[in-house]
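Enquirer: Sequence:
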Amino acid sequence: MTSNNQPTLGLVLGDRNGIGPEIAAKLLAEGAGDTARAVVIGDPHVLARGCEIAGVTLQTTTIAGPGEIRSEISSADGITILPHGTSSDQFTPGEVSGAAGTECLDNLAFAAKLAATGVLDGMVFAPLNKASLHAGGMQHEDETRYLQDVLGYGGAVGELNVSNGLWTSRVTSHVPLKDVSGYINEATIVEAVELLHKAVQASGVTSPRLGLCALNPHAGDGGNFGREEIEVLEPAIKVIQSRGMDVTGPWPSDTVFVRAQKGEFDGVVTMYHDQGQIAMKLMGFSTGVTVAGGLPIPVTTCAHGTAFDIAGQGIAGTGSIAAAWDLCARMAIA
1 MTSNNQPTLG
11 LVLGDRNGIG
21 PEIAAKLLAE
31 GAGDTARAVV
41 IGDPHVLARG
51 CEIAGVTLQT
61 TTIAGPGEIR
71 SEISSADGIT
81 ILPHGTSSDQ
91 FTPGEVSGAA
101 GTECLDNLAF
111 AAKLAATGVL
121 DGMVFAPLNK
131 ASLHAGGMQH
141 EDETRYLQDV
151 LGYGGAVGEL
161 NVSNGLWTSR
171 VTSHVPLKDV
181 SGYINEATIV
191 EAVELLHKAV
201 QASGVTSPRL
211 GLCALNPHAG
221 DGGNFGREEI
231 EVLEPAIKVI
241 QSRGMDVTGP
251 WPSDTVFVRA
261 QKGEFDGVVT
271 MYHDQGQIAM
281 KLMGFSTGVT
291 VAGGLPIPVT
301 TCAHGTAFDI
311 AGQGIAGTGS
321 IAAAWDLCAR
331 MAIA
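Mapping the sequence shown onto this note's numbering, position 294 (from 1) lands on 294, and the numbers just tick up by one.
Because the hints were derived from the structure by calculation, they are not lab data. Note that the coordinates shown come from a computational prediction; the quantities given were computed from them, not determined experimentally. Where is the CB? At the ideal position from N, CA and C, for every residue including glycine. A portion of the hints provided could be inaccurate.
Pairs of lysine-lysine residues, derived as DSS-like cross-links and limited to a Cα-Cα distance of at most 27 Å, are as follows [said to hold, decoys possible]: (1) Lys130 / Lys281; (2) Lys262 / Lys238; (3) Lys281 / Lys262; (4) Lys198 / Lys262; (5) Lys130 / Lys113; (6) Lys238 / Lys198; (7) Lys198 / Lys113; (8) Lys238 / Lys281; (9) Lys281 / Lys198; (10) Lys178 / Lys113.
Have a look at the derived ranges for each label pair, beta carbon to beta carbon [what the hints assert, rightly or not]: (11) Lys262 / Pro176: 48 to 54 Å; (12) Ser88 / Tyr153: 29 to 35 Å; (13) Gln313 / Thr206: 39 to 45 Å; (14) Glu68 / Gln201: 32 to 38 Å; (15) Asp246 / Asp309: 37 to 43 Å.
Put together the whole structure using the sequences plus the hints.
Expert: As structure tokens, this is what we get:
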């Protein structure tokens, strides 16, 4: 923490060929420093490019290494830049690039290790492109599992989503829809609920109220449309409740989000990716946040992607990355 109890957050600029650099520049220009001190990690050319596209000017201080972060940040009036990795002024907006993916992976790992050792209090990263990440060498399902490996963390992790104060987790994530039911069992359900419960508590909610989505239409309709609710989900709920967590269900997925939006739940646990993502993005696409749940450090990012179709035009908004920044700051001081 800084002398005024603000957290110090690393900001990774995302894929250089997407909208990450420009929305990061806008975020910093719009006053990110009001809630947390910013340390931009990566190639200074990328931030300069973002400023050029966004049409903003930033007051920055460049430091030589991580050892200067705390001393510099306590007195700097602007944004601290910690150069790392690639140094290149080459950009190909809207294109998948293995080199850009490798750059992102390197910057993510560097920032995560700084947070894990207490040099930073958390990290926020601008949008990444999974095709570029895989072309750049990522062998993991997603960035959360990549960071888990980087940090050598053996606990449960998973991608969580937040929109306008409502949280979601999912029992299965980036797997084919035809395989979903094979991954749903008592252990995976309990893990997804516990992951969400801990994260919502870390955001400041003392006793989270969670709803569990059903898998089948109409929650299986008493077994007429599938028996997973009776044989798997309901027993899992009893286990979770026995551990002191406030979870109810299984609820039909077409109505549980209506109830959540009205304030009945703080979080919803879904069975598969699109079951929750469609609802959450309809409720708040421009302000959605993705949280790398379960990691020993606060990590957040935008709920949207690199938007290659508009990259470099300066029209991308900051609603999502601003929400990610604010949430990471809250988690860092919780």
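Enquirer: Measuring from beta carbon to beta carbon, are Ser88 and Tyr153 in 29 to 35 Å?
Expert: Given about 31 Å between the Cβ atoms, the range holds.
Enquirer: Taking only the CA atoms, is the gap from Lys281 to Lys198 under or equal to 27 Å?
Expert: Holds, because 23 Å separates the two Cα atoms, which is no more than 27 Å.
Enquirer: Sort out whether Lys262 lies within 27 Å of Lys198, counting only the CA atoms.
Expert: holds (22 Å)
Enquirer: Assess, step by step, whether the Cα of Lys178 is no farther than 27 Å from the Cα of Lys113, and give holds or violated.
Expert: Since the Cα atoms of Lys178 and Lys113 sit roughly 37 Å apart, the hinted pair is violated (cutoff 27 Å).
Enquirer: With a cut-off of 27 Å on the C-alpha distance, tell me whether Lys130 and Lys281 pass.
Expert: Within the cut-off at roughly 19 Å; holds.
Enquirer: Is the hinted pair Lys238 and Lys281 satisfied, with a Cα-Cα distance of at most 27 Å?
Expert: Cα-Cα ~30 Å, so violated.
Enquirer: Is Lys198 close enough to Lys113, meaning Cα to Cα at most 27 Å?
Expert: holds (22 Å)
Enquirer: Below or equal to 27 Å on CA atoms is what counts here, so check Lys262 against Lys238.
Expert: holds (25 Å)
Enquirer: Could one say that the CB atoms of Asp246 and Asp309 fall in the range 37 to 43 Å?
Expert: Given a distance of about 42 Å, which is inside 37 to 43 Å, the answer is holds.
Enquirer: Holds or violated: Lys130 with Lys113, Cα cutoff 27 Å?
Expert: Since the Cα atoms of Lys130 and Lys113 sit roughly 21 Å apart, the hinted pair holds (cutoff 27 Å).
Enquirer: Checking one constraint from the list: CA of Lys281 to CA of Lys262, max 27 Å. Satisfied?
Expert: Answer holds: Lys281 to Lys262 is near 16 Å, not above 27 Å.
Enquirer: With 39 to 45 Å as the target window, see if Gln313 and Thr206 comply at their CB atoms.
Expert: holds (43 Å)
The structure fails to meet hints 8, 10 and 11 from the earlier list, while all remaining hints are met.
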